[in-house]
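Visitor: In case you want the letters, here they are:
Protein chains: 2
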Amino acid sequence: MKISQLVGTRFKETPAECQIESHILMTRGGYIKNVGSGIFSLFAPAKRITQKIEAIIREEMDAIGGQEVMLPVAMPASLWKESGRFDSVDSALLRFTDRNGSDMVLGMTHEEAVVHLVRDAAPSYTSYPFMVYQIQTKFRDEPRARGGLIRVREFTMKDAYSFHTSQEDLERYYELCYRAYERICTRTGIPEVVVVKSDSGMMGGKVAHEFMLLADAGEDSIVLCGSCDFSANMEVAECISEQPVFDDSPLEEISTPGTKTIDELCALLSITPDKTCKAVMFRKNESDEPVIVFIRGDLEVNETKLRNYLKEEIHPDTAHTDDVAYGFCGPAGFTAKAEVLFDRSLKGLGGLVTGANKEDYHYKGFSPGRDGPGAEYHDFAKTYEGAVCPACGNRSVRIRKGIEIGNIFQLGIKYTQSMSMQYLDKDGVARVPVMGCYGIGVGRLMASVCEASHDAYGPIWPMPIAPWQVQLCALRSDEEIVKAAADTLYDTLLREGVEVLYDDRAVSAGVMFSDADLLGVPLRVIISPKTVGRGVVEVKTRDKSFSEDAIIGEAAVFVKTLVREILDKYAPV
Amino acid sequence: MKISQLVGTRFKETPAECQIESHILMTRGGYIKNVGSGIFSLFAPAKRITQKIEAIIREEMDAIGGQEVMLPVAMPASLWKESGRFDSVDSALLRFTDRNGSDMVLGMTHEEAVVHLVRDAAPSYTSYPFMVYQIQTKFRDEPRARGGLIRVREFTMKDAYSFHTSQEDLERYYELCYRAYERICTRTGIPEVVVVKSDSGMMGGKVAHEFMLLADAGEDSIVLCGSCDFSANMEVAECISEQPVFDDSPLEEISTPGTKTIDELCALLSITPDKTCKAVMFRKNESDEPVIVFIRGDLEVNETKLRNYLKEEIHPDTAHTDDVAYGFCGPAGFTAKAEVLFDRSLKGLGGLVTGANKEDYHYKGFSPGRDGPGAEYHDFAKTYEGAVCPACGNRSVRIRKGIEIGNIFQLGIKYTQSMSMQYLDKDGVARVPVMGCYGIGVGRLMASVCEASHDAYGPIWPMPIAPWQVQLCALRSDEEIVKAAADTLYDTLLREGVEVLYDDRAVSAGVMFSDADLLGVPLRVIISPKTVGRGVVEVKTRDKSFSEDAIIGEAAVFVKTLVREILDKYAPV
Chain B
1 MKISQLVGTR
11 FKETPAECQI
21 ESHILMTRGG
31 YIKNVGSGIF
41 SLFAPAKRIT
51 QKIEAIIREE
61 MDAIGGQEVM
71 LPVAMPASLW
81 KESGRFDSVD
91 SALLRFTDRN
101 GSDMVLGMTH
111 EEAVVHLVRD
121 AAPSYTSYPF
131 MVYQIQTKFR
141 DEPRARGGLI
151 RVREFTMKDA
161 YSFHTSQEDL
171 ERYYELCYRA
181 YERICTRTGI
191 PEVVVVKSDS
201 GMMGGKVAHE
211 FMLLADAGED
221 SIVLCGSCDF
231 SANMEVAECI
241 SEQPVFDDSP
251 LEEISTPGTK
261 TIDELCALLS
271 ITPDKTCKAV
281 MFRKNESDEP
291 VIVFIRGDLE
301 VNETKLRNYL
311 KEEIHPDTAH
321 TDDVAYGFCG
331 PAGFTAKAEV
341 LFDRSLKGLG
351 GLVTGANKED
361 YHYKGFSPGR
371 DGPGAEYHDF
381 AKTYEGAVCP
391 ACGNRSVRIR
401 KGIEIGNIFQ
411 LGIKYTQSMS
421 MQYLDKDGVA
431 RVPVMGCYGI
441 GVGRLMASVC
451 EASHDAYGPI
461 WPMPIAPWQV
471 QLCALRSDEE
481 IVKAAADTLY
491 DTLLREGVEV
501 LYDDRAVSAG
511 VMFSDADLLG
521 VPLRVIISPK
531 TVGRGVVEVK
541 TRDKSFSEDA
551 IIGEAAVFVK
561 TLVREILDKY
571 APV
Chain G
1 MKISQLVGTR
11 FKETPAECQI
21 ESHILMTRGG
31 YIKNVGSGIF
41 SLFAPAKRIT
51 QKIEAIIREE
61 MDAIGGQEVM
71 LPVAMPASLW
81 KESGRFDSVD
91 SALLRFTDRN
101 GSDMVLGMTH
111 EEAVVHLVRD
121 AAPSYTSYPF
131 MVYQIQTKFR
141 DEPRARGGLI
151 RVREFTMKDA
161 YSFHTSQEDL
171 ERYYELCYRA
181 YERICTRTGI
191 PEVVVVKSDS
201 GMMGGKVAHE
211 FMLLADAGED
221 SIVLCGSCDF
231 SANMEVAECI
241 SEQPVFDDSP
251 LEEISTPGTK
261 TIDELCALLS
271 ITPDKTCKAV
281 MFRKNESDEP
291 VIVFIRGDLE
301 VNETKLRNYL
311 KEEIHPDTAH
321 TDDVAYGFCG
331 PAGFTAKAEV
341 LFDRSLKGLG
351 GLVTGANKED
361 YHYKGFSPGR
371 DGPGAEYHDF
381 AKTYEGAVCP
391 ACGNRSVRIR
401 KGIEIGNIFQ
411 LGIKYTQSMS
421 MQYLDKDGVA
431 RVPVMGCYGI
441 GVGRLMASVC
451 EASHDAYGPI
461 WPMPIAPWQV
471 QLCALRSDEE
481 IVKAAADTLY
491 DTLLREGVEV
501 LYDDRAVSAG
511 VMFSDADLLG
521 VPLRVIISPK
531 TVGRGVVEVK
541 TRDKSFSEDA
551 IIGEAAVFVK
561 TLVREILDKY
571 APV
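Protein chains in written order, with this note's numbering: chain B, 1 to 573; chain G, 1 to 573.
Mixed in with the good hints, there may be bad ones.
[Said to hold, decoys possible] In silico negatives: residues of chain B with every beta carbon more than 12 Å from chain G:
#1 Ser-91
#2 Arg-153
#3 Leu-349
#4 Val-429
#5 Val-573
[To be verified] If you anchor each label on the Cβ, the simulated ranges turn out as follows:
#6 B/Thr-126 x G/Thr-561: 34 to 40 Å
#7 G/Gly-84 x B/Glu-565: 35 to 41 Å
#8 G/Pro-529 x B/Pro-572: 31 to 37 Å
#9 B/Thr-126 x G/Pro-143: 40 to 46 Å
#10 G/Tyr-178 x B/Lys-81: 45 to 51 Å
#11 B/Thr-97 x G/Tyr-309: 45 to 51 Å
#12 G/Glu-565 x B/Leu-567: 29 to 35 Å
#13 B/Ile-551 x G/Gly-84: 58 to 64 Å
Hints in this document: simulated from the structure, not taken from any laboratory. We treat Cβ as the ideally placed atom computed from N, Cα and C, and that holds for glycine.
All chains, full assembly: derive it from the sequences and hints.
Guide: Structure follows, in structure tokens:
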């Protein structure tokens, strides 16, 4: 294709609304255009990239026995009522009413739709296991769309669903899919992926993993270990503090007028936050009942862990209750009506400062085991940089930011049971199949690769997903000798099946190269009066790792071979 | 793929909710599953067919310089407010409010979205012409979804949009696209397509064509000529009646008690409907003002023509107005407050029976030219079987049913102007580009092919879009010699790049062949103890036009060659 025909403009200025690199570069490069909050249109270069990503995903899904199907974007709410998620999922599920007054939803995920599709289609155990997948548009009414294609409301997703006659078979297939995801990451050129255990959230099920690209622009906090290969999403990572040092100083009430925060308390008493015990208040969504978590003052409550412990939705408490001395709560003598929980960071500690449950007073010398109401300890804390690794026991926990590219879930029978899917086993007994699901966001994968692979001038697309394999830059194509050589090379490369973007515009080298940088095509071929004078073309990689001259007459073969060699580097081992 | 792994069941019973053949056969064959009114999921065979159709469409769009892009399914209503269609389009446009309270719509067509995408992307005349297209999900909240995939609410569509600096250039490109559509029809194996002039409806613009498959299941009425190649959609087809015979009998009031319909009147007076003049009442949607059309009693009013004449939306009048003698209206002495229009079928006629504008009375001997209020005549009538062809003048108009597979529109500047898209011409003057748009419904195309190409036992898919090219039926695969031969042939065909569905189930020949009929794979290869005994396999076409034995060792080459030969038949000339 000639660049003069490519619809889209490229520019230098950083758009005001863009915060992260992939959003900036893909806007500046004419890949995407924002249509509304979290909604984008794709120009041809982005569409070409997503098509290549989709082709790789398809191959890997087909290779593990997947069958591509198509489920609806808009579907009757009745399906989501069957599974119970119509009520349990928050307003990210877009609900609307059609012209006939029927309740509808826009698919944000398709467990319900896929069970509807297959529940009568596999009546016998002989049909199992099977996996169906689709690549389809989804809509998730995110409150805070941000970061270009990283967190959007409308997106293209590959979602796969497998069905099994046993948990063991699900686990066997889950492992297959895990490996397929690793191959997808390798083949699409994502440089640094970690796979972390994650919370299954609204999806249900127990075991879940996320494929994470480490990137500062990520929204997820990933827990890694500096000493071993442990990794987990912050949401589920166990928090283990260093060995506590017990301090048996006696409990003593102290006056702390107007000192409501841990920071104020530490400043007043010249102590560090880990020498305090603080209260964090929540409320249960359904009953509005208060929940109070006592935790070491330097730690934060991990809401996911708390939610999973309580088995219900909670939110931070902002309402005030008369019987609570806000800012002065402590476990000793706490009598307000609330569910009281203790984080295990407090276990074995002593000599802490904590609230005395009356305005303007704290205790010092508090020891939870000695002075507390005698409670069980549970893990409710967010882990932290330098915490103890749950795997190797070293104090080597590291926190990194990551972008979730894919996720895989062992769903169990949550959907198949609620939606009455059954098959007959060998003995003619009706059984409920076990289910797994496996997602990858196509647009987010594209943006993530850009996040991970760019320089100040533009994206550096890995060859397997690049919008074109080669960008042919003809400088001074008004000179007949340049134009003739460039045209011939262009035609030859096309004939050889190489994907070429040809720039024969009458623009300066500066404009031509800055456009080429923004388009991020991995291989660049430059023809100019100077190179033609030497009988060669210049062949360079976008990442600057390679630069060589090729004799004009041999350039097509040279370039084609190079494309092939670079592609081969992305083959999974 | 082995058929035992294919998700989906096939059955004999005609589902109660299915009226037309494609719906019946594609439900019975495990292609589609109804999710809700006008919403379907696709099983793997249907998904494979649509992917092949999409690949053909892509090739043809790329061949005429198209660039594939991606526009959103859900978009801000503000775009549709810019173009004015948020108000002008009826409730087929699904409107909803997102969690932030913003008005949104689901795209039923994407003129607004595409102008939003490209309006800043082609600032100079040098970028023109260009065409962008997408293959994307659309939602149209049809009041009456019916006929399986023929009239649905959610569907996959290829929609293309071209932009030009002149009407002439649009016309040149329109012609290119017209030819591309013809090639798409040929290549996807649609047997009988007529291209008809059509109304541009809510799309705007003047010239529009529809690509119609002639089929009894179709919802559109197509006007053809038995003598020449004239064709048009009923909506726009000119109605020319035979030469009128003037009858100068005098106007005379007659008593017709309780005779409100043309049928009753004809029975009472022993005349035929063409000897009457009837009144058809409408109301303007906006002003509620009544509109009355006088027309020859045997003809019907074509609402599209009336709408286009009035340049506003109308609906049949169901309200009653005091000053109108319903059932007894006629042009002579009609004084009620209404816009009065005359269809040209009345021109030059005499001796008609028509209402006398008072309860229980008609006139006979009415002659519009002599006794009417002196009006202009316009063409408001639906044409009819045996009417005069507007092209050749013969009384040879034929009416057929058709399914609209694709449509192309010369939109003009309706969207580019209202949405402020401009470019600078050679002289630096800002101008508004001229636009065309070009749609094809992918799922409807699939169902239409099934409508046109099936027998009592199932679809007969044309080779280029068949879910598989070859179905390999191994009868008695429990016999080692059969299984060995079939497995070898299967492996060889796969290696040769032939798409094979392999049936090695332990089922009867009856079940195996009726499944194969439902799956409609164009080429069938049968291996059984009998054929192996003769050292051959049987090779048959699904349409029964071909049946031959091939020597087992040569069968792979034989089949591969046959597939290639059959594919070649669908190459455009």
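Visitor: Could you check that no beta carbon of chain G comes within 12 Å of the beta carbon of B/Val-429?
Guide: holds (20 Å)
Visitor: Does the Cβ-Cβ separation between B/Thr-126 and G/Pro-143 fall within 40 to 46 Å?
Guide: For G/Pro-143 against B/Thr-126, whose Cβ atoms are near 43 Å apart, the range 40 to 46 Å holds.
Visitor: Is the distance from the Cβ of B/Thr-126 to the Cβ of G/Thr-561 consistent with 34 to 40 Å?
Guide: At 35 Å between Cβs, range holds.
Visitor: 58 to 64 Å was suggested as the range; check whether the CB atoms of B/Ile-551 and G/Gly-84 agree with it.
Guide: holds (60 Å)
Visitor: Indicate whether the distance between the beta carbons of G/Pro-529 and B/Pro-572 respects the range 31 to 37 Å.
Guide: The hint (31 to 37 Å, Cβ to Cβ) is violated, given that G/Pro-529 and B/Pro-572 are roughly 43 Å apart.
Visitor: For B/Thr-97 and G/Tyr-309, compare the CB-CB distance with the range 45 to 51 Å and indicate the outcome.
Guide: violated (36 Å)
Visitor: Taking C-beta pairs only, is B/Val-573 more than 12 Å away from all of chain G?
Guide: Since the minimum Cβ distance to chain G is about 25 Å, B/Val-573 lies beyond 12 Å and the statement holds.
Visitor: So does G/Tyr-178 sit 45 to 51 Å from B/Lys-81, Cβ to Cβ?
Guide: holds (47 Å)
Visitor: G/Glu-565 and B/Leu-567, beta-carbon distance inside 29 to 35 Å?
Guide: Hint holds: Cβ distance 34 Å, inside 29 to 35 Å.
Visitor: A cut-off of 12 Å on Cβ-Cβ distance, and B/Leu-349 was said to be off the interface with chain G. Does that hold?
Guide: B/Leu-349 clear of chain G: closest Cβ-Cβ about 43 Å, beyond 12 Å.
Visitor: Are all beta-carbon distances from B/Ser-91 to chain G longer than 12 Å?
Guide: B/Ser-91 not clear of chain G: closest Cβ-Cβ about 5 Å, inside 12 Å.
Visitor: Per the hint of 35 to 41 Å, is the separation of the Cβ atoms of G/Gly-84 and B/Glu-565 within bounds?
Guide: Since the Cβ atoms of G/Gly-84 and B/Glu-565 sit about 55 Å apart, the hinted range of 35 to 41 Å is violated.
In summary, the numbered hints that this structure violates are 1, 2, 7, 8, 11.
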